[in-house]
Amino acid sequence: QEVTATGKVTDKSDGKPLPGVTITLQGTTKATLTDASGNFRIAVPSAGSKLIISQLGMVSQTITVTNSSSVNIALETDVTALGEVVVVGYGTQKKSNVTGSISSVKAKDLESMPINRVEQALQGRTSGVTIATNNGQPGSAATVRIRGYTTFAKDGNNNPLWVVDGVIVDNGGIGYLNQSDIESIEVLKDAASQAIYGARAANGVIIVTTKRGKSGLLQINYNGFYGTSAAAKTLDLLNASEYATLRNEAAKNTDPNATLPFANPAALGKGTDWQDIIFNNDARRQTHEFSIAGGGEKSTFYSSFGYIKQEGIVASPISKWNRANIRLNSTHKLAKWLTVGENLGYSHSVNSSLGNTNNEFGGPLSSAIGLDPTTPAIETNPDLISKPPYTTPNVLRDKSGNPFGLSPWVGQELINPLAYIQTKLGNYGWDHNIIGNAFAELQPIKDLVFRSTLGTKIAFYGDDAFNPVAYLNSSNIRTKNSFVRNWNNVLNYNFENTLSYSKTFGKHNANIIVGQGIYLDENVKTLNVTFNNIIANNFEEANLNYKPVSADRTADGNDGTVHKVNSLFSRISYNYDEKYLFTGIIRRDGSSRFGDNNKFGYFPSFSLGWVPTKENFWKENNVINFFKIRGGYGVTGNDQISNFAYNALVSSGRNYTFGTTDVSSIGWSPAAPSNPDLKWEETRQTTLGFDATIFTNFTLAFDVYKKKTVGVLQYPTPPSYLGVAGAPAQNIGDMENKGLELELGYRKTFGEFNLGVNGNVSFLKNKVTKLATGKLFIEDEAQSFQGMGNITRTGIGHSFNEFYGYETLGIFQNQAEIDSYVGPGGTKLQPNAKPGDVKFANLNGDNQIEAADRTYLGSPIPKYTYGLTINMAYKNFDFVVFGSGAGGNMIFQGLRRLDVTFANWQTDILNRWTPTNPSTTIPRVVEKDDNKNNTNFTRRYLEKGDYFRLKTLQLGYNIPKNVIQKIGAQKVRVYVMSENLFTITKYTGYDPEIGGTVFGVDKGIYPQARSFMVGLNVGF
Amino acid sequence: CKKDLDVNPRERILESNYYKTPEQAFSSLISVYDQFGNQSGGYLTKLNIFSSGSDDHYAGGDSPSDLGDLQAMNNYTVSSLSGAPSYLWGKGFTGVYRANIFLQKVEEIQMDASTKNRYIAEAKALRAIFYFDLVRIFKNIPLILKPVETSDWYNVLQVPPADVYKQIELDLKEAIPNLPLTVPRNTEGGRLTQGAAHAVLGKVYLWQEKFADAATEFADVNGPSPGTTPSKYGYVLMSKFEDLYKLANKFNSESILEISYNSTSNMGWGNVGSGEGNVAGIMSGPRNYNILIPDKAPDYVSGWSVMPFTKEFFALIHFDPRNKPTVANLDSLEKAGIVTYKHANDNTGYFVEKYAGRVSTKANSGQLELNFPYNLYEIRLADTYLMEAEAVLKSGGAVGAGSRAYAALNAVRARVGLKPVDVTMDNIIKERRIELAAEGQRWFDLVRWGLAPAKLAFKGFVAGKNETLPIPNGELNNTKIVQSKEWGGTK
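Residue numbers (the working numbering), protein chains in the order written: chain A, 568 to 1587; chain B, 4 to 494.
Everything labelled a hint here was simulated from the structure, so no lab data went into it. Treat each hint with caution, since some may be false.
In silico DSBU-like pairs for lysine-lysine, Cα to Cα no more than 35 Å straight-line [as the list claims (entries may be wrong)]: (1) A:Lys-1495 x B:Lys-142; (2) A:Lys-617 x A:Lys-1070; (3) B:Lys-299 x A:Lys-819; (4) A:Lys-1246 x B:Lys-108; (5) A:Lys-1395 x B:Lys-458; (6) A:Lys-954 x B:Lys-299.
Per label pair, the in silico range of CB-to-CB distance [said to hold, decoys possible]: (7) B:Ser-368 x A:Pro-828: 34 to 42 Å; (8) A:Lys-1305 x B:Asn-20: 40 to 48 Å; (9) A:Thr-826 x B:Gly-44: 34 to 42 Å; (10) A:Asp-840 x B:Ile-296: 35 to 43 Å; (11) A:Pro-1243 x B:Ala-251: 47 to 55 Å; (12) B:Ile-296 x A:Gly-1377: 25 to 33 Å.
Footprint (simulated), chain A over chain B, 3 or more residues, beta carbon under 8 Å [to be verified]: (13) 59-71; (14) 185-199.
Note that beta-carbon positions come from the ideal geometry of N, C-alpha and C, so glycine has one too.
For reference, chain B alone in the conformation it holds in the complex (with noise of 0.2 Å):
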């Protein structure tokens, strides 16, 4: 009798049958890294949402309406019931979850050793950046490093930060003897390597301030001759900075940690955030784009104008070498007659260059729009030359010319023709804007300088509250997390 209910599961695959393969073993790895590249369904990105609140850009959008969780973080009215905070908080953690289920799973499987052992350091490694973006947006976390039996669930406790940064550190030191030196680029590009851990290891001793470590990390990452020789890991610049940007180049010798995307997953309007379209092409670009003269017009794709640059931003990069191949400049193009679009939220007529979405790198399939396949740096050569500069300069080592620090920092310039200038944190958090701009790296290098209160009041943050973002209010209902006292709670 019983067995007439019997019913076929169709595709359903039950978990008891699962993680027996080192195929299987593969696929639970590739699930922690899609959460690295996890898009959410309302369009938002860690880049999105820090440059919407940073003073490099606005949240932009048709109408101060539009997109309200950008123009949340935009204007400082972001709350515990905001898009942002849920988002990021539900991105990492459940990041956190897929390592911690396949550092559980991966134990049984029959596998190659040393393959065995490459899986559990790249996924020790991805939880470390999970849990290192987790603590700096929202400070008090739990740390979760197995998955919590159901009885538990609600008995889950924040811990201080400390520990959570220690974690980090202990999970990429534990990582790195088996991550491979390099990987091969056109099938691998992506994949941790040993360089990318130790640049993130740099970073965050650097955000803990701790100096010495940080410069010890990148002088591993940048090689011994930073500017001139390939490090042990093949990190060099790029000889020309535009190049950084063309599809053709992806994972190429200066990239370190790179989001990967591509134009084949058919995410549709009903999926957004889904597949592995790259939205930030669609979204950054000008609204309405009309062209007139098709000659002299570039193809962009009309797109929603979010993230414009802000005019001050503009002012800075205006006549640096760097502008063209950063900022779309619709206002020109418009002035002179080429080209049209709507003058919408926040407008200012600088838009970014370089990812936006063009007609020539256009998915073939699903909503074209939406699979643009631009990947993103986390962290490139540039990155980490300008931080070991910073790095050494803080823990009072020698900056002057001739020095590793000097080298890094004008090796920078030098690629774009620009001429040396001295190690300075002035000139550091200059070079930075201008290099890094619209990467994502603004907002958290504000908030690391203590720069962010004066730089970012004309938008609204309040010193000793915006460094975080509240914890989702969802996380609160039914359970022992504590809001930040910096957003009304006692933690």
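If we strip away everything but chain A, and leave its shape as in the complex, we get (with noise of 0.2 Å):
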């Protein structure tokens, strides 16, 4: 006897209510969908009737219908997490189907975590990706590494391409994005899935998809949290005392008979801590979104209000940063065969920051670490203000009046800090963001779908600069105040048509796409102005309605020159039974960046996929519950390098001047000869690898790849003698990539408690294997650090910028030492060294310590990534725990000034070389460095980077229902939170996650914060 069977079906994780789950009644079609409460209603033939509860990503359930009452069904999520669908570029696979190399990260893992760019969700969370932020200033960018390094040419890079709903966004434009909105990324890892961006493709892909309504169901987001922020670290820099000792010693090793600068440095006791000038201790930070999301049976939509303040660690007053935004995602069907919508997000940042962040010349970072703890910040004493250098006109002064101290000993780009704040006062950065796209789905038959996308961004942005008359020491001086406007605007866009066809007949599953895609971007018109001598103090005062006479009104501009890309794409995704996997891909680009010869490349790409636990000959067990082995080849590209590279052109600016009209005469010259031969740079990458689960609650992946870029894009520096200014782009390097990956996730539910744990590691071998003919390695993309010259080079079976250097044999500790040190002939190897001085290999075995003495020192290149989430919960408290880490790698510790003689010291030059100490590894202080201690780059400035941070701790309790759904919540949630806990490295200098062109060359890097928050989220 028929009867109806009922129930509510809810998300065993959060209770709540989940709509649009098939209950099928099994063994027939016969199925119905929950409706926005997650109720049922479905006909049985009779009560034992079984129902089967399906949804996508969450373990199916079957139950019994029993005649009584309706029933309630929680589903869990599916741990292996194999029903899940995989963005794949242009569409979706099922995860089990997939055969490329693609790691995820999904809106659960990202849920009130204390992110402020996009590229920090994917850091320690997906393996083969190598992160570094690149500096402390709130709302800095990432360094980004996808499978290691594609190119070393100068005007290249390694930043992947970031597609956001399908729009190219550029590397330095993602940071608009709020982290809430997001609902998955994915990284395209390997050539297999990458070939279907073809030509950009080489650097890895990264997918972000932002959320979308469903149906019937109206929720409402709140999530917020607030916080403060400090320094984790600061350096051990000498005290004024042990300063002026030092000073004293390093006056008498350089002149025996010189008068000692400091009479009585015990007396000056501890002197300026500048760094306690310029680190806020309570740097506050508050980040709130808000998302309303639901829709009808037509339509649907998300939208979102974000709100991001911070303040930086690092002299707040100039460092902070303001970031809103606003999104507006919808869909809707006006018709059976036709679905139109939009993904729309806006965003407003308005940032101030201090300038150099990782940079010896200037700014309060590297100023606090040079500047000398004799001189006060703040010159109080009458008989001194009375004196020059305090009676030079427009000496800065605090508010009472005194002056700002200045240093007699430590000058160049070394600033007093306060100073040097109070100059850069009120100035800011802003941008306005609209990125978005617009499309059509239309659907004249069953399998068969046309989708045509629009899509863009437009940007404006620019900043405001005052810079008051102001003498800072003896070369910064400025007598005339400025007042500069930049102003940028970006209009770039896209339009691409897909036609996708799926079919399934009997056991084979096919789906091919064919597409077309146009491109523009770098569309940059630039306007600035410079108005100098206005009648105004400060920021607050300057505006450009101050008319100074004309000669005081500089304007420039720029048009930027575009980038434009034609592409032609199709893929075939096949499948038997799930069992036997084939993805095919050719992509056929053409880029304005090439001369004719090479204008279009061609991209393929193929990938297998076996699955044995399908097979009949594996029995169901408990130990292997799924395997896929996949593997595949492919090719892609790069063409970000300059416009115009392949031609020759002449250059203006070769002035001279004749007669006395005191005007320049204009002289054109080449700028460099042509390649009308440049092509792209290919990459061609194979990758075999896994995954499984294991005693139903493990899963794994497991990649090895092996990639190599061939015809990398150099100007080879050509020999000073030809004259020519710069060389032609040519295809000369090539440079390997290897790698394994391996991702391991587990997740179990004791009564009530959860546990989820997810760990990846990433091992990476970057090796240069061609340069130009005769080449043994470049320095064009070299590092460079003060009176050192290069520090790194691009050599053949070395990788990208390894270190190179000086080896050193230990301190000589006499002058008996020094002299039998001689070369073959018996030239005394290093005649200006004295006891206490750096004693320097002589690696070619001639009569001199020179250049060619230089060796390798070490790749800053991490040669492991890692990273580990915990996650727990237990009744209504939850847990998270998630570090990452690197290592393998050496860092340049540069944060003294070389060529600021009296420039302060970290404490371990306490430990350095004297008659009484011998020391092996610290030399000898002294002020003229003829024996180049510390002008030769030797491995004493490097460290090993090897890191693991705590990035975030959060534990979070979820008030109980019967008290909130009196407000009518879903759910309220506060938490506290940490971020950047503790970090554990034998590194001394602030901080060893350093990005940037090289990882790993610090000079005085902005550190990351340590914060504590307290947070609330709220669901309706």
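Each chain sits in its own coordinate frame; assemble them with the hints.
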């Protein structure tokens, strides 16, 4: 006798009703869906019939219908995640059918995490990706490398391609995204999956999909947190009496008869702690995110508002960041065959940046490190104030009229940070970003979908800066104030059309997609004006309504050269019974950056998979529940080089003055010879891997890959004797990245206790295998440091930009050692040395120590990176621990200015060589560095970069349902968390995580903050 | 489809569309002159490099580590990795390349034949000047006379110095007939003339110790009666020594070859060396210059105290009439309580006056202190007078009272009111040192006379090594260039 079964389906993890869950009568095709409140009703033949409750991404359940009341079913997330859908570019695939290497991060992993930028969402959560924040300035970008490096061209870059809802967003612009809008992030790591993005995919592709509403259910969410940040570590620098003692010693070491600069070092005491002056121990931050999602039968929407306000921990008045976001995503099913919609994100940010965030030349950090502790922050001694240099015009003063201390010893760019802050106060940068697309989907017949998407990035950005008249020190004097305004706008777009056809016949499942795209970017227009001598003393007063004489008004501007790409692409996916899997891709790209001989490039790939656990011979067991072997090969490209690099150009600016007219005559000469054969860098990659579920609760993904880039674009620096200003770009380098990646997951429920563990580890080996004919190395992209010159070199057989310098043989302990240190000809190798100086290894065995004695000292690229997340929940409590780390690399510790003889030292100098302290590593202090103890780059400057950082620790409490139901809420959760609670490392600088062209060159990086926050999460 | 990928090249001018018009020929020629006045992005100039190496000056600067490339010249720790060799090498060969490309391309340009011939002559004379510096400074250099094909970039070889000198002489001799005798000062001052080319040729002979040939060239430049009537190029000594250094007197009657600068190219900190402002103005100024008594104090700008004179040099010039126009005596100004300044590295209190940056000569645009319009003398008449006297003396010519050599030497002295002296090497050496102080001649003179090891020993000069600079290390990498044996190589 027919009965009606009713029930309600909820999500076990948060108790929320699940709409759209399929309820199928077992053994039939009869089925229904749950409504917005998770309720269903279905007629079944009799009590005892079985219903299958299933939802993608959740573990299906089977229940038996009884006569009596309605049933409550709580579905659990499918830990094996194999039911999950993965975004693969122009479509999705079931994770169990994916044959490429793709790592995903889902919205759930990011919920209420203290993430400001999308890069942070990936760091430590995916394998194969090396990420280091560029610096700790709030809102600053991170350096992202997917499976190593593919280029070393000087105008090329290794940044991945970001695709947000189908719109290609430039690497710098990705900061506009609000993390709570992210539904999923997919990292396409192997060529087999990247090839669909062809010529721009060699550095990897990151696809971000934002959230969309679901029919029938209105979801309102608020998440916010508030907290305080401080530096986790400051450097140990010499105090005033230590500094003076060393200065005296240095003077004596230089000239035994010298008058000592400090008569009584001990009397100076501690002196000024410049770090204390610039670091803020209570920098505030807050984040608020509010979203509404829902929809009816025909239309759905997701809209959100986000706001972040954060102060930097260094010189907070000139280091802060605000960002507001609005998003509107909606879909409208206008007819059975027509769907239209849009994804639109807007962001506005305002920031003040203190300038040099990893640079020894200026800025509060390098000044605080270098300034001598004997100079007071503020000079109050009336005797001194009445004398030079304090009587110099425009010396800056504090509120009570006392001048900021001027160091008699340390000059150049190292400036009293209090004065520096005063000259930058109020200056800010701003941006507006509108990034989004509109789409239409036509489905004329079942299985066939035509989709057309028009995407755009519209951005406006600029900055305002007032530079007051100021005497900061003898080399930083401004006698004319200036007010500078920069304005830029960008209008980029892309237009893509795809046609996809899916068919299932028997056990054969096939999907084919063909598409076409046109892209235009770098469409930038810039204007800037400078007004000098305006009637203003500070930023508040400055504006462009003061009109100085026209000679004091200058304006400039630029028009960007646009970059165009035209593409055709196709992908075929086929599987037989989800057991034998195949994907093939081909893309043809044309780029405006290449000459006629090579305008177009072809990028094919294929990948195969086999799921033996689906074979009949594989008996079902509890050890290996699922196993898939996959592998593929593909070719991708990179066109991230200058425009017109293939062409010979002549340049102006080679001017000279004739006669007494006092003006330049304009001269022109060739910039560089041409190379019409310039073509794409090509990256060929082979990947082999497997995915598995074992012992029901463990998931495992393993990959090994070999990636070879051929024809790396280079501008081989020609010898100077040729006199040419530059070389044409040529395809002459090869580079290899090999690696291994492992992702491991575990999830289990023990009664009321839920445990989830996710870990990943990646190993990477990068090696340059070929350079221009006859070249063993290049230094085009080399990092340099003050008087040392280049400190890195890219050489065959070594990794990209390896450190390159002198080996040392310790310290000369006495004159006899110096005298006996001779070359084969008996010549003294270091005639200028004195006891206490560094003994450099004579590697080439000739009669002198010079450049040819240098060697490779280690790589700045981390050999391994890893991450670990542990989620725990018990009753109403939840707890997250998330940490990540990297290691196997070297960091160049360049915190002391070598060209500022009298700059302060770190306390390790207290262990320097003296006749009574025969150090073997730290040379004596001396004013004239004739032996080049400091200016020869040696291993003394290199330190191990290994670190592990506990990035997030979060403890949450869900207020019980019966309490919150009174206010109609579904969920009220309060939490406390910390960010960057501790870092385990032996590195002696501020922060071992250093992004940039080369990881691991520390010139006084703005360190990342340690924060403590409290938060609230409310859902209706 | 291809056409859709065309983009507007904006300001870029393709080489294939260039070198078509007479104007473009001229612009190309200007790019050769540009290298003659070139200053490095790191504030290096031929003047401050060799002044730092001489016994007239110290490198100076704020501290012993400030402007390290000049300190390395000062204390003879210069190496193949130092900035000075690399800058000078690049400056010279870039000039050579620009001359070569000009000479290659100008052939195809349709234009008036005599103008074209003049341009070609200027380019050849400039190429000779670049090679003269290169061969003097580095000795073992390649001789490149047309742009090198890409395939041969790494196959270029060095040649014996004698071959380079031969080419220099050839270029100058080919240039002379097509150069103008004189040029209009206001519009073309600074462009090569016959007189300038003869003067350079004379100096080239002098360096090769071809004294008789040198004397002939200088006689041509100096005219029939040195010190009295203008030569056929209009050269005659300025009546007042101090007028040589006034901005209003650019390209005066004594100027033969002058490096010119201006105040309007808007050079800033970010593009030092790319414009036409003279950085010597700010560099040589006293550091932290601070005026106590405004009426009495000169209006120097606060500078970087580079190139302070040595005490030994000051003692020599102290009671010479040329002292005041040559030396900015901060020591006495400070002692008189008129000014204060920072006693920076190797301070003596004696700075360069000849082109000291002043508030009154500061530029009006750009980074003001980087855009001083002072010109610098490469060769002036007093110099060729003294060189003629030297050439005649060494070639055994007449040097007694009434001779040309005697007249030339003593015209220089008479101009500042000094009594005549005999033409002896000692007198010439002393006269050149004082007359041409801070004009970049001293170091080259000492090397030419073989006196450098003795005079510069106190700075660390090593005989048989420091007469040249090492070939920059970067030039040896991946090329067939070999380091000079004085610098550890085999050449």
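Going down the list of hints, with the structure as the test:
1. A:Lys-1495 x B:Lys-142: 30 Å, holds
2. A:Lys-617 x A:Lys-1070: Between Lys-617 of chain A and Lys-1070 of chain A the Cα gap is close to 30 Å, so the pair holds against 35 Å.
3. B:Lys-299 x A:Lys-819: Outside the cut-off at roughly 39 Å; violated.
4. A:Lys-1246 x B:Lys-108: 29 Å, holds
5. A:Lys-1395 x B:Lys-458: 24 Å, holds
6. A:Lys-954 x B:Lys-299: 20 Å, holds
7. B:Ser-368 x A:Pro-828: 34 to 42 Å: 41 Å, holds
8. A:Lys-1305 x B:Asn-20: 40 to 48 Å: Since Lys-1305 of chain A and Asn-20 of chain B have Cβ atoms about 46 Å apart, the given range 40 to 48 Å holds.
9. A:Thr-826 x B:Gly-44: 34 to 42 Å: Distance hint for Thr-826 of chain A, Gly-44 of chain B holds at roughly 37 Å.
10. A:Asp-840 x B:Ile-296: 35 to 43 Å: Hint holds: Cβ distance 40 Å, inside 35 to 43 Å.
11. A:Pro-1243 x B:Ala-251: 47 to 55 Å: 52 Å, holds
12. B:Ile-296 x A:Gly-1377: 25 to 33 Å: The hinted range 25 to 33 Å is violated for Ile-296 of chain B and Gly-1377 of chain A, with Cβ atoms some 57 Å apart.
13. 59-71: It holds: at least three residues are needed, and the segment 59-71 of chain B offers 6 whose Cβ sits within less than 8 Å of chain A.
14. 185-199: The restraint on the segment 185-199 of chain B holds, since 8 of its residues have a Cβ under 8 Å from chain A and three suffice.
Hint compliance for this structure: hints 3, 12 are not met, and every other hint is.
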